[in-house]
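Protein chains: 2
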Amino acid sequence: MPRQELEYPKEPFSTVKRLNDRGRYNLETIHGIINSCPMLHVSFQDPISPFPVVLPMIGQMGSFERPSAGLGDVLDLYLHGYVSSRLMNLARQYPSSTSSPDTPAPPSGLPLTISATHIDGLVLSLTPNSHSYNYRSAILFGHAIPVTSVPEKLWAMELITESIVPGRWAGSRVPPNAAEMQSTSILRVRIATGSAKIRTGTPHDDRHDLDDKMLLERVWTGVVPAYQVLGEPVAGPYNKVEKVPGYLEEYRLDRNGDNRQWAEVDAIKEPESKAK
Amino acid sequence: MPRQELEYPKEPFSTVKRLNDRGRYNLETIHGIINSCPMLHVSFQDPISPFPVVLPMIGQMGSFERPSAGLGDVLDLYLHGYVSSRLMNLARQYPSSTSSPDTPAPPSGLPLTISATHIDGLVLSLTPNSHSYNYRSAILFGHAIPVTSVPEKLWAMELITESIVPGRWAGSRVPPNAAEMQSTSILRVRIATGSAKIRTGTPHDDRHDLDDKMLLERVWTGVVPAYQVLGEPVAGPYNKVEKVPGYLEEYRLDRNGDNRQWAEVDAIKEPESKAK
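Line by line, the protein sequences give chains A and B. For the first sequence, our numbering assigns the number 1 to the initial residue and increments by one for each residue that follows. For the second sequence, our numbering assigns the number 1 to the initial residue and increments by one for each residue that follows.
By construction, these hints were calculated from the structure, which means they are not laboratory data. Any given hint could turn out to be false.
Which copy is meant is left open, so a pair is good if it fits within one copy or across any two.
[To be verified] Derived pair list, reagent style PhoX-like, types lysine-lysine, alpha-carbon separation capped at 25 Å:
hint, residue 1, residue 2
1, 213, 197
2, 10, 269
3, 197, 243
4, 10, 197
5, 240, 269
6, 240, 213
7, 10, 243
8, 213, 243
As the structure is a prediction and not an experimental result, all values here were calculated from the model.
Please build the complete structure, drawing on both the sequences and the hints.
So, in structure tokens, the structure goes:
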């Protein structure tokens with residue numbers, strides 16, 4: 001039986017308006033972009049600042065209640081940080097919501113926005129205004145609460161470590177000791193909604209430029225693929241293990257291959273339908 | 001005569017508190033991180049949204065009044081976008097500040113926060129809590145106003161295009177026509193302050209783990225360099241120029257070499273002094 005594909009609700013602040021055929025709302029696409037992004041940009045309003053805060057942070061989506069959940073399922077975002085950082089302090093101080101028969105409770109937690117962007121290529125067209133990137137970007141909006149349950153905290157620490165290098169949790173000294181558990185806070189973000197915006201394909205130009213034969217003979221147009229590479233591991237000063245671990249080499253080669261294949265081949269294919 | 005190095009003021013919301021030896025305030029370092037980052041994350045508060053907005057955008061710092069200004073000079077940030085995008089509409093609607101003898105004018109423009117992050121390596125230590133990235137991140141806070149002067153707008157369009165591939169402005173169809181000038185807006189952000197946070201070097205672990213001989217014999221520690229690569233250009237469907245232009249190949253090879261050198265060599269060197 002075909003599964004129903006879950007989508008996030010289109011709120012006025014989450015809907016892709018400009019070039020809206022690039023917008024995506026299904027959970028699987030959005031969660032996939034977030035979980036494969038090595039750095040998220042997390043934004044919130046600090047009452048002492050006239051400007052929003054934006055922090056680069058490491059995070060990962062998953063379900064503590066149902067660890068086998070897939071990318072297309074309802075998931076929470078887990079972020080980790082230092083216990084007394086501004087974000088953690090704000091999230092701890094954020095008042096819990098209380099409901100009454102007359103006023104339904106607003107969601108509890110600090111409102112957060114999380115953004116993830118992969119650049120897959122430079123798209124060079126005939127005129128600067130038609131230049132673009134191939135990219136996959138996602139944005140999530142949610143409410144953050146510090147995780148207080150020890151089992152959930154440990155599970156989230158493992159989830160985040162495994163997202164950096166699968167196999168590393170078991171490959172290093174675990175579990176965290178009491179001081180480490182105390183100094184690290186984990187935030188759980190309940191997602192309210194989100195969206196993704198994706199560009200793939202080759203350059204596009206306006207008809208009047210495409211009809212200009214002299215221009216076509218002068219200006220090279222195409223895509224320069226862009227991708228992140230993990231280079232040869234460099235042992236640190238107190239390393240005693242001669243051989244780089246198999247799980248690390250396997251991950252490095254797999255990821256490098258996947259990133260390159262995506263940027264050089266898949267991201268350059270024209271989407272089947274330009275309109276959604 | 002040695003030049004004075006300019007620094008941004010340390011405001012409560014812009015000061016690096018956690019691991020503050022990684023904080024930097026000098027304009028040259030911060031502007032260098034912003035201008036070499038292929039994608040910026042721009043945040044602002046939309047009155048219709050309970051969450052801050054975060055948009056991936058292309059931008060570049062420069063000085064229209066003094067185009068020869070260096071990275072260490074006072075610069076503005078220029079962002080480009082579609083004329084009727086939410087950000088451009090908000091910036092246009094933002095009330096101009098008026099001053100009176102009693103109340104000095106606040107800065108005009110929409111408050112924006114701009115974040116740029118480069119990941120230079122995975123830092124794998126003995127225990128998950130000591131894992132880190134080598135990274136260079138910068139944040140700027142400022143006020144955005146749409147550019148209305150045509151010469152400044154054209155200058156900023158060229159600045160932004162040249163930041164994607166130097167030589168591309170002259171290598172494509174310029175100047176923009178009337179429709180292109182109308183559909184593209186440029187924002188100028190006057191910077192109020194900013195900071196950078198940088199980690200370089202090898203893994204660090206706590207004494208009690210470093211003293212554990214069995215642990216040292218079991219866990220590989222070191223750095224996995226990470227860097228972006230621009231791959232072989234792929235010609236688009238209406239390209240008629242057989243040879244990839246020299247300026248593009250030169251830029252691609254230079255940038256790939258610089259990125260790799262930084263991640264594999266320079267970012268792994270221990271900083272001379274851990275404390276600032």
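Here is what the structure says about each hint:
Within a single copy, residue 213 and residue 197 get their C-alpha atoms no closer than 33 Å, and across copies no closer than 49 Å, so neither meets the 25 Å cut-off. Taking the closest pair of Cα atoms, residue 10 and residue 269 never come within 25 Å of each other, the shortest separation being 28 Å inside a single copy and 47 Å across copies. For the homomeric pair residue 197 and residue 243, neither the shortest alpha-carbon distance inside one copy (41 Å) nor that between copies (32 Å) is at most 25 Å. Within a single copy, residue 10 and residue 197 get their C-alpha atoms as close as 13 Å, which meets the 25 Å cut-off; across copies the closest is 35 Å, which misses it.
In this homomeric assembly, residue 240 and residue 269 come within 25 Å of each other (Cα to Cα) only across copies, at 19 Å, whereas the closest approach inside a single copy is 46 Å. Taking identical chains as interchangeable, the C-alpha atoms of residue 240 and residue 213 lie at most 25 Å apart only when they sit on different chains, with a minimum of 9 Å there against 64 Å within one chain. For the identical chains of this complex, residue 10 and residue 243 are neighbours neither inside a copy (50 Å) nor across copies (45 Å), given an alpha-carbon limit of 25 Å. In this assembly of identical chains, residue 213 and residue 243 lie within 25 Å of each other by CA distance solely across copies; the values are 17 Å between and 58 Å within a copy.
When the structure is compared with the earlier hints, violations turn up for hints 1, 2, 3, 7 and for no others.
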